[in-house]
Amino acid sequence: MMAAPGSEEDYQPSPDVEASARPWMGMRWLHHVTEPRVLFPLLAVVMVSVLWVASLNLTRLEYENARSTAIATSQEVLDTYEAQVLRVLREIDQTLKSVQYAQGFNGDGQATLDDLRDRDLLPPDMVFIVSMANADGDILASTRPSRAMVPDAGMAAHAGLSDDLTEGRLVRFEDAWWLRFSRVLVAPDGSIAGVALVEVDASLFVSGYEATKLGEAGVLGVLGMDGVFRVRRSGEQVTFGDSVDYRSVVSSDQVFGETEAELSVNSWDNVQRYTSARELFDFSLAVVVGLSEAEQLAPAEQRVASYRFRAAGGSILLVLVLGVLARMSWKLEDLRRREREYRVAHASRVEHLAYHDGLTGLPNRSFMSKLLDDRIRQSSRYGRTFALLFLDLDGFKRINDTLGHDAGDDLLREVAKRLEDALRKTDTVARMGGDEFMVLLPELESETQATTVATKIVSMLAEPFVLLGQKFNVTVSVGISLFPLDGDDEQTLMKNADIAMYAAKDAGKNSFRYFSAEMSSASQERINLESSLRQALAREEFELHYQARRDLRTGSITGMEALLRWNHPEFGTVGPNKFLPMAEETGLILPIGKWVLRTACRQSTAWRKEGRRGLSVAVNLSARQFFDADLVDDVHSILQDNGMPPELLELEISEGVLARDTRKTLPVLKRLKKLGVRITVDNFGTGYSALSVLGQLPLDSIKIDRLFLREDSGDRAARDVIDGILAMGRVLSPSIVAHGVETKEQVDFLREKACDHVQGFFFGKPFRAEDVAEMLRAEELVLAGLSHTG
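Going by my numbering, the sequence shown opens with residue 149, and the numbers climb by one from there.
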């Protein structure tokens, strides 16, 4: 990241902070260095340093010379060895050509060999064996007729593929390894008459091993392009036929006649050597020379050990001479140094805290403001574009309210870590406060880069977080503004990114949006709405409507659900889905919720006085209300103030809130049940909660979510889903309510499934309190209608 994410090691103090330490530097330090208590230790350090620098320099030179000598020696030995091997190979090739040529004039193979020997055209018999074989591989003539050897059955056919030299085939006879070279013999009619062979003891190619140059662990060998060593010698050990990776020994881009020794571990014996290898011109063979690094550097190691011993002795002597005088001065300087470091560290720490968030270690709002101002100036000067991302966590307040601030802090730290992992080193992420973060993406080449980063952030934060041993999902909404398209100053860019973020929240959260001009007016409307919301209670702009709940068997009204409405003087009636999330986010839901509860209970008391004593009233509780520490006391106080029987009050809590953490919800429910109020699970079936979780809770009623009734009740799959929901509801509570009923078919279907209670637009829309009396008077007509439909 561009900014230091938290560690003080990454932090660099500003020039102002460094200036605070200047009195301890400069001329005052030069004055102190001339004092004896400082001078003697300084002299000791300088002299010891010079001694060791010289020693280390000599050590470096010794090793460099030893390596250079080893490389040069390896090159020299390779040149010599190459010349020796080439001389032998060319002599062999010349012999084969002589036999090939002579055979054309003399059809008798043995006579041909005898004639060539008499003319001194054959190599010595002690080392070389010259033979002639027919096309089937049978030996017809040889300079060593008594040899006990079985030729390759397919040798003639293999050699006869072309007129080229076939060299270096490794064969074994007479308890020795031989290298076989061959050329085809052509009859006067152009057919293949046979093969001319020259076999040479493979040991001949490594007989020139000199221990004085190669050492006891050096290597000398002839390697075929097929990766098989024809012969290899290291010290007194000679091996034949070992296989290696040819290109790991001989470079593929090697120019004939040019090579360079490389330090490597030889795969055949795992010895590290300065190895040189060179392909032989006109032959499918290569020569290999290696010098053991340990042997080549051994003399240098001895001299280096001597240098180190002398340097150590000199250092000890200097320390002993100057140590006594330096001891006291070191102590004094140490005290000064500690005080100096403390002052600088304290100033650095103060500045770090001023520009970094204490919880996450990320840069804070002040740092981002400075950085953004610098980026605007640079981008304006060079005509560059950058993006500003404003991030706000979805559901953070729910975590704080339900799990506590410690869990909320853990969540923020983990979010900060994931954001750092999602961004490049050149990007900067800062915590602006609360659950808000800001990301600066400098120097964008295209808008797609910001899209990619925003997508990655949304994806990474969508992964579950583990808090207090449980998994929780907390998503993020991201707003993006671009410079200079969406603003050319800090405040405008931040404001527009914030507006785009709220647009992402309004679009369903867990997403990102780019700023547009249309969002500005929507944002202003939201700001005005939020401002009005804070005054709505005082201005008495809220109103409760009531929707009846009916017994499906008798059709009678058994209760009312209180539904909040906001009559805004400018915007008219504002739907609860528009202002309740805003109230939840801002915390206004608590005073509003108390007003709803108090007003509904007061209305219930009024209905009882009118003779409706069995009519209950249901009030919805949000997550923030339910986990409010004063909830139970508020409910108790309101019931007492209105003289309302507690069994007539139903508190509806969504399934997701109740099943979130039974360790927290169960004590609250038990206290409410102790008051005597009824508990209803709202939106049942949408929280995906286990029966074992909800089964622990003291429930009085289950309210099936309207989502399930919107499906076609005639569809078999939809019927099976509702059957399952009803079956689960009967296990968990004695009463089941279906809300959102809108058609006669739904009523008939629910009656068939023995659902207990229903409510919805089929029976009428929600009424104002003053209109409920008229609705209750029309109850007899409704009952007659239900009886008719049944």
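One or more of the hints may lead you astray.
[To be verified] Calculated lysine-lysine pairs in the DSS-like style (CA-CA distance at most 25 Å, straight line):
id	residue 1	residue 2
1	K604	K657
2	K573	K518
3	K604	K726
4	K604	K619
5	K757	K742
6	K565	K657
7	K619	K545
8	K653	K726
9	K479	K545
10	K726	K657
11	K742	K818
12	K657	K643
[Stated by the list, open to error] Okay, the calculated beta carbon distance ranges per label pair:
id	residue 1	residue 2	range
13	K818	Q597	52 to 58 Å
14	E666	S607	25 to 31 Å
15	Q597	G872	45 to 51 Å
16	G723	G824	20 to 26 Å
Because the hints were derived from the structure by calculation, they are not lab data. Remember, it's a predicted structure, so these values are computed and weren't measured experimentally. Every residue gets a Cβ at the ideal spot worked out from N, C-alpha and C, and that includes glycine.
Hints and how they fare:
no.	hint	in the structure
1	K604 to K657	15 Å, holds
2	K573 to K518	18 Å, holds
3	K604 to K726	29 Å, violated
4	K604 to K619	21 Å, holds
5	K757 to K742	23 Å, holds
6	K565 to K657	21 Å, holds
7	K619 to K545	16 Å, holds
8	K653 to K726	12 Å, holds
9	K479 to K545	55 Å, violated
10	K726 to K657	14 Å, holds
11	K742 to K818	20 Å, holds
12	K657 to K643	19 Å, holds
13	K818 to Q597: 52 to 58 Å	54 Å, holds
14	E666 to S607: 25 to 31 Å	27 Å, holds
15	Q597 to G872: 45 to 51 Å	47 Å, holds
16	G723 to G824: 20 to 26 Å	33 Å, violated
Consistency with the previously given hints fails for numbers 3, 9, 16, ordered from lowest to highest.
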